[in-house]
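Chain A is fixed; fit chains B and C onto it per the hints.
Residues per chain, in single letters:
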Amino acid sequence: MLEQINTTIKSKALQQLQRQHPLIHCMTNDVVQTFTANVLLAFGCSPAMVIEPEEAEQFAAIANGLLVNVGTLTTDRQYAMRLAVHSANKANKPWVLDPVAAGPLTFRTRFCHELLSLKPAAIRGNASEIMALAGESLGGKGVDSLNTTDDALPAAQFLAEKLATIVAISGETDYITDGTRTIAVTGGHPLMTRVVGTGCALSAVVAAFCTLAGDRLQHVATACALMKQAGETATQHCHGTGSFIPEFLDAIYQLNDDQENK
Amino acid sequence: MLEQINTTIKSKALQQLQRQHPLIHCMTNDVVQTFTANVLLAFGCSPAMVIEPEEAEQFAAIANGLLVNVGTLTTDRQYAMRLAVHSANKANKPWVLDPVAAGPLTFRTRFCHELLSLKPAAIRGNASEIMALAGESLGGKGVDSLNTTDDALPAAQFLAEKLATIVAISGETDYITDGTRTIAVTGGHPLMTRVVGTGCALSAVVAAFCTLAGDRLQHVATACALMKQAGETATQHCHGTGSFIPEFLDAIYQLNDDQENK
Amino acid sequence: MLEQINTTIKSKALQQLQRQHPLIHCMTNDVVQTFTANVLLAFGCSPAMVIEPEEAEQFAAIANGLLVNVGTLTTDRQYAMRLAVHSANKANKPWVLDPVAAGPLTFRTRFCHELLSLKPAAIRGNASEIMALAGESLGGKGVDSLNTTDDALPAAQFLAEKLATIVAISGETDYITDGTRTIAVTGGHPLMTRVVGTGCALSAVVAAFCTLAGDRLQHVATACALMKQAGETATQHCHGTGSFIPEFLDAIYQLNDDQENK
Chain A
1 MLEQINTTIK SKALQQLQRQ HPLIHCMTND VVQTFTANVL LAFGCSPAMV
51 IEPEEAEQFA AIANGLLVNV GTLTTDRQYA MRLAVHSANK ANKPWVLDPV
101 AAGPLTFRTR FCHELLSLKP AAIRGNASEI MALAGESLGG KGVDSLNTTD
151 DALPAAQFLA EKLATIVAIS GETDYITDGT RTIAVTGGHP LMTRVVGTGC
201 ALSAVVAAFC TLAGDRLQHV ATACALMKQA GETATQHCHG TGSFIPEFLD
251 AIYQLNDDQE NK
Chain B
1001 MLEQINTTIK SKALQQLQRQ HPLIHCMTND VVQTFTANVL LAFGCSPAMV
1051 IEPEEAEQFA AIANGLLVNV GTLTTDRQYA MRLAVHSANK ANKPWVLDPV
1101 AAGPLTFRTR FCHELLSLKP AAIRGNASEI MALAGESLGG KGVDSLNTTD
1151 DALPAAQFLA EKLATIVAIS GETDYITDGT RTIAVTGGHP LMTRVVGTGC
1201 ALSAVVAAFC TLAGDRLQHV ATACALMKQA GETATQHCHG TGSFIPEFLD
1251 AIYQLNDDQE NK
Chain C
2001 MLEQINTTIK SKALQQLQRQ HPLIHCMTND VVQTFTANVL LAFGCSPAMV
2051 IEPEEAEQFA AIANGLLVNV GTLTTDRQYA MRLAVHSANK ANKPWVLDPV
2101 AAGPLTFRTR FCHELLSLKP AAIRGNASEI MALAGESLGG KGVDSLNTTD
2151 DALPAAQFLA EKLATIVAIS GETDYITDGT RTIAVTGGHP LMTRVVGTGC
2201 ALSAVVAAFC TLAGDRLQHV ATACALMKQA GETATQHCHG TGSFIPEFLD
2251 AIYQLNDDQE NK
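Chains as they are written, first to last, in the working numbering: chain A, 1 to 262; chain B, 1001 to 1262; chain C, 2001 to 2262.
Next up, chain A with everything else stripped away, as it sits in the complex:
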């Protein structure tokens, strides 16, 4: 029933990414800007954070892909994000939603629900966030932050099918689904949750992989798998959460060589 990652597609997708080094327009939260940029750069992509409304609209059409992360949402930022999403759609550029903390916080949850109708190429969140997005349609079920990705899979599949998008749920096992097909990605390490921004940066990497031609479901799963892989490598070499950070970026930077030997 569950589909596996296709290692040939995975390997080719990484090569494709590194050859094309897509320009990713990141409208993300204040806490993870530097880390997100450095993760994209380690992958060989070009990050650019552009937030002023006029510029965000202009730049979303120029960039290859757009990330919208609602982590430190404000009214101003919301306005600029709306313009950018419409501009990306008009220019036929994929955009990805990261619904950080959707559920308990009303303002951003309302905004995420609004964005759902604007055809995201993918949505990447944790179990609770994805369940919150699907919440109303599932009968207003409350959000439990202790949910596992297994708990959230039906919500993800429902959401993906309804919106004709891809939903990726991150956790001990990641699930990536378009409502019909579902890929499970295992691996990673709990230490990844003790460093700020690994999830937010993954969403940016998902946006980057969404710019590639081919099987988008496999490509999004590749993004999830490579980040878990880098997390495992980093964990093996680090002495705590501090040294995890440079080791994680180094591991991403070295993915190319790793791939070539596989």
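Don't read these hints as lab results, they were simulated from the structure. Nothing here was measured: the structure is a model prediction, and the numbers come from that model. Glycine is no exception: its CB is placed at the ideal position from the N, C-alpha and C atoms.
Label pairs and their in silico Cβ distance ranges:
hint, chain 1, residue 1, chain 2, residue 2, range
1, C, A2213, B, T1180, 47 to 57 Å
2, C, H2239, A, Q15, 19 to 29 Å
3, C, A2213, A, Q15, 45 to 55 Å
4, A, Q15, C, E2232, 21 to 31 Å
Structure of chains B and C alone, referenced to chain A:
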């Protein structure tokens, strides 16, 4: 006259913190967001940066503790902070003030004075900042940025007693006082001042320790002591300010084990 | 025709900087705040990010130098930057412009052109940005992001002479020119472009070196040379872009000792 850190309380407080992993709402400056989050995560706490007024008000009641740091204050941020502080107070959650650069900058100094009446659980700053907060009451004495914590101790004690709060002054020797009792914490290393955010992150850690039941003065002193301890460990292992950063986070992450051996 | 870096001036400038540890007011983009602060601290300078209009105006007169970086420009930030620049000029403090992504983005390009008339002490950018700033005067020539610094040198010289300022173009070879004299600085490593903020941080360091008395052209070239030197050292010791970051800061921190042995 000076009280010592009670090592039993210190050790238990750390264990308590790591068991409860409090959710800390950080309204802090743009420069230290990532570092603050990573310090809290290394301690086993959950950081969340929420800044939109409606959300900040809502979240301050949900989180276990709140940090208000005026480092890159704006009019919008000020408005959201006010709502969050009132909400925290209403929900009986402790909040901590970090009066970054209070004194020479009029706008934030005015705001800090306003906040003083809103019952902070603790105030954490350097000597000049604490003297600036106490300034008017001490007769409008000017602020000298070269003040030592010894110079600032009377101002700290005056402020703590007047506001029925705890004041922590950071420097070569930290003083933590409630106006009557005063704890001195020595240690640390000058290198800690050559990396941005060690003081701001300490304020977030103080907010985390303020969420614990028990002797709050000892708990705030514990926060100061553990950060100095991590700074010493990091200094021993680093080759400059760059490698200090991951070593410092690693040292915090490893504090648990260290404590258990003591 | 090209002038060399004067190693005596370079060595003395670094010592001067470390003795005076100038206070640098950074109005910079959201992505590079922490890294910029840590680079300045590693050099022995004092960074301060102050952005609220009233405070920015007040602080620009107090600080020794000002950096204006338009990376995540907003209307609010623009307003505060204008006040700060006028205040710096009035107080006779040097200010530096980093025209991040000027050219393709209309809003910031317009603002950069406005700022050009306000007597920056120096402008630091990449080839495309400098060509965009000079663009209209060179006959509306389009900006090609693939330009080398050699391509941009005439634009830099034109701009520097017209505005009576110093223009530094960063690339494989950096050029620093006042329109008449031009210094070339080689070295560095491509890895520096795979980490976010090395260029933005250089602009802050340029602002710091602009606060020194003496030959400003040589001082700006010194800033460029020292950053390239640190980049080379870091590259030799790192295993990827992640470990490059702490190694780079360590290399800057250790520059003093290096210099003393030369």
